[in-house]
Each structure stands twice: as C-alpha cells, then as structure tokens.
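*Asks:* One letter stands for each residue in the lines below.
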Amino acid sequence: MIWKGGVAGSMLMILAACDPAPIEPPLADAGSIARGKAAAQRLGCGACHELPGIDWPKGRIGPSLAGFGNRALIAGTLPNDLPRLAAFVADAPSLVPGSGMPAVPMDAGEAHDIAAWLQSQRD
Amino acid sequence: MILRPGSSLSVTSAGSGWPPAVFDPAGPYSEPVTTLAWALLLGGTAVFALVLAALGVALFGSAALKARLGGEKAIWIGGFAFPAVVLTGLLIWGLMLTSSLSATRVTGAEMRVKIIGEMWWWRVHYQDAEGRETLRDANELHIPVGKPVLLELETADVIHSFWVPRLGGKMDMIPGRTNRLLIQADKPGVYKGQCAEYCGGPHALMGFIVVAHTAEDFARWKASRVPARGEQGRGLELFLSSGCAACHTIRGTPATGLAGPDLTHVGSRQTLGAGILPNNPGTMAGWIADAQAIKPANRMPAYHQLSAEELLAVSEYLVRRK
Ligand SMILES: [Cu+2]
Numbered sequence: 066m067i068w069k070g071g072v073a074g075s076m077l078m079i080l081a082a083c084d085p086a087p088i089e090p091p092l093a094d095a096g097s098i099a100r101g102k103a104a105a106q107r108l109g110c111g112a113c114h115e116l117p118g119i120d121w122p123k124g125r126i127g128p129s130l131a132g133f134g135n136r137a138l139i140a141g142t143l144p145n146d147l148p149r150l151a152a153f154v155a156d157a158p159s160l161v162p163g164s165g166m167p168a169v170p171m172d173a174g175e176a177h178d179i180a181a182w183l184q185s186q187r188d
Numbered sequence: 174m175i176l177r178p179g180s181s182l183s184v185t186s187a188g189s190g191w192p193p194a195v196f197d198p199a200g201p202y203s204e205p206v207t208t209l210a211w212a213l214l215l216g217g218t219a220v221f222a223l224v225l226a227a228l229g230v231a232l233f234g235s236a237a238l239k240a241r242l243g244g245e246k247a248i249w250i251g252g253f254a255f256p257a258v259v260l261t262g263l264l265i266w267g268l269m270l271t272s273s274l275s276a277t278r279v280t281g282a283e284m285r286v287k288i289i290g291e292m293w294w295w296r297v298h299y300q301d302a303e304g305r306e307t308l309r310d311a312n313e314l315h316i317p318v319g320k321p322v323l324l325e326l327e328t329a330d331v332i333h334s335f336w337v338p339r340l341g342g343k344m345d346m347i348p349g350r351t352n353r354l355l356i357q358a359d360k361p362g363v364y365k366g367q368c369a370e371y372c373g374g375p376h377a378l379m380g381f382i383v384v385a386h387t388a389e390d391f392a393r394w395k396a397s398r399v400p401a402r403g404e405q406g407r408g409l410e411l412f413l414s415s416g417c418a419a420c421h422t423i424r425g426t427p428a429t430g431l432a433g434p435d436l437t438h439v440g441s442r443q444t445l446g447a448g449i450l451p452n453n454p455g456t457m458a459g460w461i462a463d464a465q466a467i468k469p470a471n472r473m474p475a476y477h478q479l480s481a482e483e484l485l486a487v488s489e490y491l492v493r494r495k
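Line order of the protein sequences matches chains D and A. Counting from 1 along the first sequence, just add 65 to a position and that's the residue number in our numbering. Counting from 1 along the second sequence, just add 173 to a position and that's the residue number in our numbering.
Hint data in this document are derived by calculation from the structure and do not stem from the laboratory. Given the structure is predicted, the values throughout are model-derived calculations rather than measurements. Even for Gly, the Cβ is constructed at its ideal location relative to N, Cα and C. Don't take every hint at face value.
Claimed, not checked - Here's a subset of chain D near chain A, in silico, CB distances under 7 Å, partners left out:
1) Ala-112
2) Pro-167
3) Val-169
What the hints assert, rightly or not - From the derived model, a few chain D residues whose C-beta atoms are all more than 10 Å from chain A:
4) Pro-91
5) Leu-92
6) Ala-95
7) Gly-96
8) Ile-98
9) Arg-100
10) Asp-120
11) Gly-132
12) Gly-141
13) Leu-147
14) Ala-152
15) Ser-159
16) Ala-173
17) Arg-187
As the list claims (entries may be wrong) - Derived, one-sided and incomplete: chain A residues facing chain D with beta-carbon distance under 7 Å:
18) Asn-453
19) Thr-456
20) Ala-458
21) Ala-462
22) Asp-463
Produce the entire structure from the sequences given, and follow the hints as far as they go.
*Replies:* Now the structure itself:
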C-alpha cells in the first residue's frame, strides 16, 4: 500500500512538474484572510507599509506589500512560507536581526491570519 | 469593559471607530442634543412630506382642490400661522432643552480642564478646582464617570471645533477667546472625538480620545501620572541628540520643547498622531520615521536619517513612557 501510494505520488509529482504554471501554495481559508486584513488595519501596519486594499495610511518607511503572495522571500532573506511569515509579522527582529521592523504585540491567531492575507495577494 | 491605565485598546476595538458615533448619547450633555436632532429630523421630514403633498395637489389635483390650496385662507394658515407657531415653539423648546449645555459659570462641582487646539492636535491641561494647572498632556482626556467636566476651549492658531459627540455638544475654539463646554460620561469607555471645523491641511486627521474611568480607576490613573525618573540609556540619548527635545517635553528629562505634544506618558495613550493610529511599537516607529507619509503636512518632520537600530531604540524608549 505504502509502496503503491509512493508510486502514485511520484507520478503526480512528475505530472505536476510538466505543468508550465508555477506551483502555488494553496490559499488559506477565506475567513482567515478576511480576519487578517482586519487585523492589519486594526494594528496600523499601514503606518509603515502600503497595504493592498487599504486606502490609508500608506506608510513609506517599509516596502509596499501589494502582491506579497508572489514574493519568494520575506525581507529578502527567509523563504515565504506561512509559518515563517506569521512568525516574522509578529516578531521581525528575532528572525531577521537588524530589521527596522519592531516586534508588534499580537496573538498567534492574528499573526497567522495576517500571513494568510498577505500570501493571498497574488496580483 | 475594564480600562486600566496603559491598557492599549486599539481605536476600533474601543467601539467608537471613525467617524465618531452620533445619535448615541452617553451622558447628560449629549442627550438633549440628540433629542433635538431627532426632533428636527423627523419634524423636517413631516413638513417636507406636507409640501410635497401640496405640490401634488397643485400639479394633479382637481380644480376645486387647487382653488382651495391657492385660496387666501390656505396661505394664511400654511404660509403664516403654521411656520410662526412651529418655529417659535421650536425655538423656545430648543433653548430650554439645551440651556444646561452652556457652562456659564463654575460651580465647583466640576472637574476642570483646558484644551488648546493646535494645527493639527490638542494640548490637554488638567486643572484643580481653582483653575490652576496641575498636569500637561496631549490628544487624550481622562475623566471619571458621572461627573461633569468643564472644558475651557482655546486655540493657538486658527479656528478649530471640539466635538466628542457621545459626551456633549460641539464648541468652536476661536482665537483670542475662551469658550466653555460641559461634557460627562455615564459609563466607563473610550469616546472618540474629531475636530469639526476645517483648519487646513490634515484637518480630517485631527482626532481626539476621551477615556472615562470608574472612580477607583480614575484615582489609579491619576496616581500613575508621575514621570519615570533617572532613566538613562540609548533611547533617551537619541531622543535628545536627534532634535526631538526641541519640540517635545518629557518630564524628568532635559527634553522641554513645546512645539509638539508632551510625550511624558505617550506610551500609555490609546492612539498616536492625534487619534488616528493605534499605539504600538510598530506605529510608533512608523510615525517617528515618516509622520509625513501618514499625516501629510503635519508639523513633525520625517526622520529618514535614523538608522533601523536607532529608530527602534527611540521608539522602544517612547513606548515605555507609560
Ligand atoms: Cu480642524
């Protein structure tokens, strides 16, 4: 069984590799994405960043986060996956020493939702 | 809702958000305003409906109806008696209803505070019963519930208007004058305000916060208004060497500038930038580095010359000014 599954799995991977479109990680659920946007707004992330779909404020001190889901790296150093992005959003300096972005008090759920929202920005 | 001094409720979770709630009075000086506003709104709607009905008759009514509508009697009643009676009644009732709002004299039972409008933020000077200044702060007013608060409203520059809709009426701040206004909150909570007279540039970003405490909480808040003394360190050094102290006061340090808000307790404020941003380490850093991107044309320069490490040291120092 395991062996069969393994074969089927590798077949799928081969098939997927033939697909010219890039493999995108799946989107988080819509509820999480919506809560993430609301949390980013409530915490004032816009004080430093231009945020997709949020009119004000449009801070310039940090990079724009439009299209963040297309980026390969977080802050140019870390792979852009959901757990790492969530950790970075809450406490940037501990992951990227020397970052100008301070640790912002938020709970794990908020960090996860904000990361999910950012990764859903793919245009 | 439990409100401890220094608890950092964000602006939206404070249940007020923007724009500040109107038609939702939370104290005896806001209630008459709301009653009057509803009466005007509903009365105005009824009169509008009457006028439309008359117009309908004039356009589509039978000849007999039209004749009566255009007759001398209808004009005497509808054009003279009705407005005279309604408007006179409204004037007398309105004046009676709102007479408690204008604070014509100090009775001694009120808490007293002077608030000075600035382009585009607010100075808050707490006073004792005799009107002597006891404490300076900015952009946020703390009051006990159930007690009238007598505000002396002044301006340092142009006309502003002080307005916290759930707690009282709206009062202009006029150059060269001191206007008085009474407010009161009946329940603990955070009440949002907004400058209500266009004062140039970022006027729309000139907000205000009133935090109402229970008596015990208010006493605790008052006792906590002593500046931290004797603190040294990189954050304070940078604050002094970067020029911040030329515009800002932090009591207990050599920083005595007066052009900007007092920052002695800035870390305990609910908001930054005069009621517009939540207050946390992120917004603090963002405001200091580039307040111009957030609140265009405000009078604090952007600080692009600070390195990331310096920026975080200064903002971390200010976040701790509880
Ligand atoms: Cu204004």
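*Asks:* Next, verify each hint and record whether it holds.
*Replies:* Do the hints match the structure? See the list:
no. : hint    : result
1   : Ala-112 : 3 Å, holds
2   : Pro-167 : 4 Å, holds
3   : Val-169 : 4 Å, holds
4   : Pro-91  : 29 Å, holds
5   : Leu-92  : 26 Å, holds
6   : Ala-95  : 21 Å, holds
7   : Gly-96  : 19 Å, holds
8   : Ile-98  : 18 Å, holds
9   : Arg-100 : 13 Å, holds
10  : Asp-120 : 12 Å, holds
11  : Gly-132 : 20 Å, holds
12  : Gly-141 : 14 Å, holds
13  : Leu-147 : 20 Å, holds
14  : Ala-152 : 15 Å, holds
15  : Ser-159 : 13 Å, holds
16  : Ala-173 : 17 Å, holds
17  : Arg-187 : 25 Å, holds
18  : Asn-453 : 6 Å, holds
19  : Thr-456 : 4 Å, holds
20  : Ala-458 : 5 Å, holds
21  : Ala-462 : 4 Å, holds
22  : Asp-463 : 5 Å, holds
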